[in-house]
Amino acid sequence: MQWNKEDISLFMGAKEYIDTLIVPLIPFDPSVEHGLKEQAFQSELLGLFMREIDKEFKGRVLLSPEYYYIEDNREQEIPRINSWCEKFQQQPFEHLFLFTFDVKWKRLDKDLTGELIWLPGRKNGSLQSSETISFVKEQTSQITEMIRSYW
Amino acid sequence: MSKKQVSRRQFLNYTLTGVGGFMAAGMLAPMVRFAIDPVLKPSASGEMHPVVEVSKITNTPQRFEWEVKQQDAWYESMVQKSAWVYVDKNDEIVALSPICTHLGCVVDWSSNEQYPDQFYCPCHGGRYTKDGVNVPGTPPTAPLPIYEHKVEEDMLYLGRAHDRGGGV
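Residue numbers (our numbering), protein chains in the order written: chain A, 17 to 167; chain B, 102 to 269.
These are computed hints drawn from the structure, not numbers from a lab. Glycine residues also receive a C-beta, built at the ideal position from the N, C-alpha and C atoms. Heads up, none of these hints are tricks.
With beta-carbon atoms standing in for the labels, derived distance ranges: (1) Pro-217(B) with His-50(A): 46 to 56 Å; (2) Trp-19(A) with Arg-134(B): 45 to 55 Å; (3) Leu-26(A) with Glu-148(B): 26 to 36 Å; (4) Glu-161(A) with Pro-217(B): 16 to 26 Å; (5) Ile-194(B) with His-50(A): 46 to 56 Å; (6) Met-124(B) with Ile-24(A): 58 to 68 Å; (7) Met-124(B) with Gln-144(A): 52 to 62 Å; (8) Ile-149(A) with Glu-177(B): 11 to 21 Å; (9) Leu-26(A) with Ala-130(B): 40 to 50 Å; (10) Ile-94(A) with Trp-167(B): 41 to 51 Å; (11) Ser-142(A) with Val-188(B): 35 to 45 Å.
List of simulated lysine-lysine pairs, DSSO-like, C-alpha gap at most 27 Å: (12) Lys-153(A) with Lys-182(B); (13) Lys-231(B) with Lys-71(A); (14) Lys-182(B) with Lys-21(A); (15) Lys-170(B) with Lys-153(A); (16) Lys-103(A) with Lys-31(A).
Away from chain A, derived, C-beta distances all over 12 Å, residues of chain B: (17) Tyr-115; (18) Thr-118; (19) His-250.
Generate coordinates for the entire structure from the input sequences, incorporating the hints supplied.
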């Protein structure tokens with residue numbers, strides 16, 4: 017389910033069935049010009065992944081609003097990300113996943129409340145290209161399998 | 102050569118009938134147009150999309166995908182649709198919506214080893230028999246919707262999915 021009125025009202029009526037939350041972690045840094053394009057692309061790409069996962073698991077997974085952060089101080093973000101997770105846990109959610117293309121989170125994995133899932137992304141390309149589409153499809157089928165293994 | 106005489110009365114009769122006829126036609130034409138309008142419109146469910154060649158459809162349900170244009174208030178987008186398609190015992194093509202009627206996950210054919218001949222929903226274990234009817238005692242309360250279909254030149258076209266309501 018996505019973060020919109022229609023899905024959330026469905027969520028309110030069927031809370032006992034929705035026990036999994038996904039928070040997309042999206043980095044950006046407007047002060048470094050050369051990275052902007054890549055960051056914007058990756059943010060879009062992660063959005064595509066989220067949409068595909070939502071399609072498969074609409075009835076059990078809620079997509080949280082995206083978590084955007086400035087790239088150079090990940091440590092400082094940890095308490096804030098954890099507070100998001102804790103708030104969501106009060107709903108309650110049993111499974112919390114943090115999805116990101118940013119590999120530097122891996123090192124901080126143990127400090128995070130949610131389960132960090134690093135996805136191998138792409139630096140550049142076109143979201144419409146058949147290459148990207150098949151990449152997303154293939155990855156999605158693996159991600160969904162991974163999520164199922166937690167259930 | 103005697104000219105045929107037209108009396109004043111006759112002349113008036115002719116002109117009045119003529120003018121009256123035009124007026125009546127002017128009034129009736131839009132009415133008729135309104136009355137038959139629904140017939141002229143392509144039926145609402147009319148849009149059918151080519152999905153797969155008939156020869157590829159088997160007795161085992163397979164998932165096929167296609168795209169349709171969807172327009173909402175803000176933008177037009179391509180939406181992916183998919184269906185489980187198979188040929189049943191009576192050689193009829195059946196196309197089922199893969200969307201679980203419980204909370205909207207995508208169901209899989211025969212993905213659970215315990216129930217090899219059923220559609221299985223990975224989210225909450227909802228199950229449907231091959232004809233798409235929900236298995237009592239599992240979360241869904243309605244059967245999977247069926248797509249309208251037609252076959253033209255060896256191509257399967259699918260239209261809208263229809264709820265079958267009720268269920269078991």
